Amino acid sequence: MFRMMLWLVTLIAGVAVPAAAAPPPPPALAAPLVLAAASLQESLSAAADAWSRKGHPKPVVSFAASSALARQVLAGAPADLFISADEEWMDALAAKRLIAPGTRASFLGNRLVLVTGLRNVSRVDLRSGRPIVAAVGAGRLAMADPDSVPAGRYGRAALTRLGAWAGLEPKVVRAENVRAALLLVERDAAAFGIVYATDARASAKVRVAGVFPAGSHPAITYPIARLTASKNPEAEGFRRFLVSREGKAIFAKYGFLPR
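Following my numbering, the numbering of the sequence shown begins with 54 at its first residue and continues without gaps.
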C-alpha cells in the first residue's frame, strides 16, 4: 500500500503544469504621415532617418508644393503633420481649425537665389532689377507658380520690389513647385531660375548667379504643425524632435537657417 501511494505522488508531481499564456505583443506603432514642402526633400528625409534610429517607425513623407499639400488637407486628405514653406498656407489651415492648438512653430528660414547652368559663369547683381532683366534677355526664367507656390510668391515679390517683374513676367516659365523650377534650369529648358539657396546647394548641375536681398521679399519661413485629424501618437514626438536643437541641426547641415 505504501509503495502504491508513493507511486501515485510521484506520478502527480511529474505531470507538467501548463505555463500561463504569454501576453500578446503590443501593436506596432504606425509611421506618421508628413506633408512637406518640396524644398525639404533631402533634409527632412535625413531627419526621418535620424528619428527611426531612435527606435521609432520611420515617418512617411510626401513632398510637393505647399499649396498642393494644403489643398489636400482642406479636402480632407488624412495626414499627421504639415510643413509649409510659408505662413499663408498654414494660416489657411488654421482658419479652418485643421491644425492642433499649440503645435504650430516656425522653425526654419531660407534664402532666395538666382541660379543658372554651369556653363554660364556670369554673376548678376540683384540690388536692382535692370541686371536680371538684361541677363535673362530673350531667354526664359523658371520659377514656381507665383500665384500659389511659396517660392514663386517670394520670387515675384522680389522682382516687383526690384522693378523687374513687368519686364520678366512674359518670360517666366511657371513650375508646379520649386524643385520643378530647378529641374528646368538643370535641363537647360530655362536660362535662369529662382529657387531657394538650399535647392541650389542640393544640385550639382546649377550654380548661384546671385542672391536676392533679404529685404526684397517677405521673410522665408517654414512653419510646422500637427493636424487635428491626426490620431497617431508618434506624430507629436516627431514634431517635437524636428523643432528641437537636435532636429534643427540636421536642417542646418543642408543650408537651412534654424529659427
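Keep in mind the hints are simulated off the structure, nothing from the lab. Quick caveat, the model's predicted, so the values are computed rather than measured. Be aware that a few hints might be false.
Claimed, not checked - Simulated restraints, written as ranges between beta carbons of each label pair:
| id | residue 1 | residue 2 | range |
| --- | --- | --- | --- |
| 1 | V174 | K149 | 44 to 54 Å |
| 2 | K258 | A148 | 32 to 42 Å |
| 3 | K284 | S175 | 23 to 33 Å |
| 4 | K149 | P271 | 35 to 45 Å |
| 5 | A302 | A242 | 16 to 26 Å |
| 6 | A242 | L82 | 36 to 46 Å |
| 7 | K258 | R227 | 35 to 45 Å |
| 8 | A272 | A147 | 16 to 26 Å |
| 9 | E299 | R183 | 11 to 21 Å |
| 10 | P131 | A305 | 40 to 50 Å |
| 11 | G129 | S175 | 22 to 32 Å |
| 12 | A242 | R298 | 34 to 44 Å |
| 13 | G220 | G155 | 44 to 54 Å |
As the list claims (entries may be wrong) - Keeping only pairs whose Cα atoms sit at most 20 Å apart, straight-line, the calculated SDA-like set for lysine to any residue is:
| id | residue 1 | residue 2 |
| --- | --- | --- |
| 14 | K258 | R193 |
| 15 | K284 | V186 |
| 16 | K149 | E299 |
| 17 | K258 | G192 |
| 18 | K306 | A242 |
| 19 | K301 | R150 |
| 20 | K306 | N173 |
| 21 | K258 | A282 |
| 22 | K284 | Q94 |
| 23 | K301 | L151 |
| 24 | K301 | E95 |
| 25 | K111 | K258 |
| 26 | K284 | G155 |
| 27 | K224 | R193 |
| 28 | K224 | A242 |
| 29 | K258 | S159 |
| 30 | K306 | G155 |
| 31 | K306 | S159 |
| 32 | K284 | R150 |
| 33 | K149 | N173 |
| 34 | K224 | V186 |
| 35 | K224 | A210 |
| 36 | K301 | A158 |
| 37 | K111 | A257 |
| 38 | K284 | N173 |
| 39 | K284 | S115 |
| 40 | K107 | A257 |
Using N, Cα and C, we set each Cβ at its ideal position, and we do this for glycine too.
Here's how the hints hold up against the structure:
| no. | hint | in the structure |
| --- | --- | --- |
| 1 | V174 - K149: 44 to 54 Å | 48 Å, holds |
| 2 | K258 - A148: 32 to 42 Å | 39 Å, holds |
| 3 | K284 - S175: 23 to 33 Å | 53 Å, violated |
| 4 | K149 - P271: 35 to 45 Å | 22 Å, violated |
| 5 | A302 - A242: 16 to 26 Å | 36 Å, violated |
| 6 | A242 - L82: 36 to 46 Å | 44 Å, holds |
| 7 | K258 - R227: 35 to 45 Å | 21 Å, violated |
| 8 | A272 - A147: 16 to 26 Å | 18 Å, holds |
| 9 | E299 - R183: 11 to 21 Å | 45 Å, violated |
| 10 | P131 - A305: 40 to 50 Å | 31 Å, violated |
| 11 | G129 - S175: 22 to 32 Å | 48 Å, violated |
| 12 | A242 - R298: 34 to 44 Å | 40 Å, holds |
| 13 | G220 - G155: 44 to 54 Å | 46 Å, holds |
| 14 | K258 - R193 | 17 Å, holds |
| 15 | K284 - V186 | 50 Å, violated |
| 16 | K149 - E299 | 32 Å, violated |
| 17 | K258 - G192 | 18 Å, holds |
| 18 | K306 - A242 | 30 Å, violated |
| 19 | K301 - R150 | 27 Å, violated |
| 20 | K306 - N173 | 27 Å, violated |
| 21 | K258 - A282 | 40 Å, violated |
| 22 | K284 - Q94 | 25 Å, violated |
| 23 | K301 - L151 | 25 Å, violated |
| 24 | K301 - E95 | 14 Å, holds |
| 25 | K111 - K258 | 30 Å, violated |
| 26 | K284 - G155 | 16 Å, holds |
| 27 | K224 - R193 | 5 Å, holds |
| 28 | K224 - A242 | 12 Å, holds |
| 29 | K258 - S159 | 30 Å, violated |
| 30 | K306 - G155 | 27 Å, violated |
| 31 | K306 - S159 | 18 Å, holds |
| 32 | K284 - R150 | 16 Å, holds |
| 33 | K149 - N173 | 46 Å, violated |
| 34 | K224 - V186 | 10 Å, holds |
| 35 | K224 - A210 | 16 Å, holds |
| 36 | K301 - A158 | 12 Å, holds |
| 37 | K111 - A257 | 28 Å, violated |
| 38 | K284 - N173 | 50 Å, violated |
| 39 | K284 - S115 | 18 Å, holds |
| 40 | K107 - A257 | 31 Å, violated |
In this structure, the hints that do not hold are numbers 3, 4, 5, 7, 9, 10, 11, 15, 16, 18, 19, 20, 21, 22, 23, 25, 29, 30, 33, 37, 38 and 40, in rising order.
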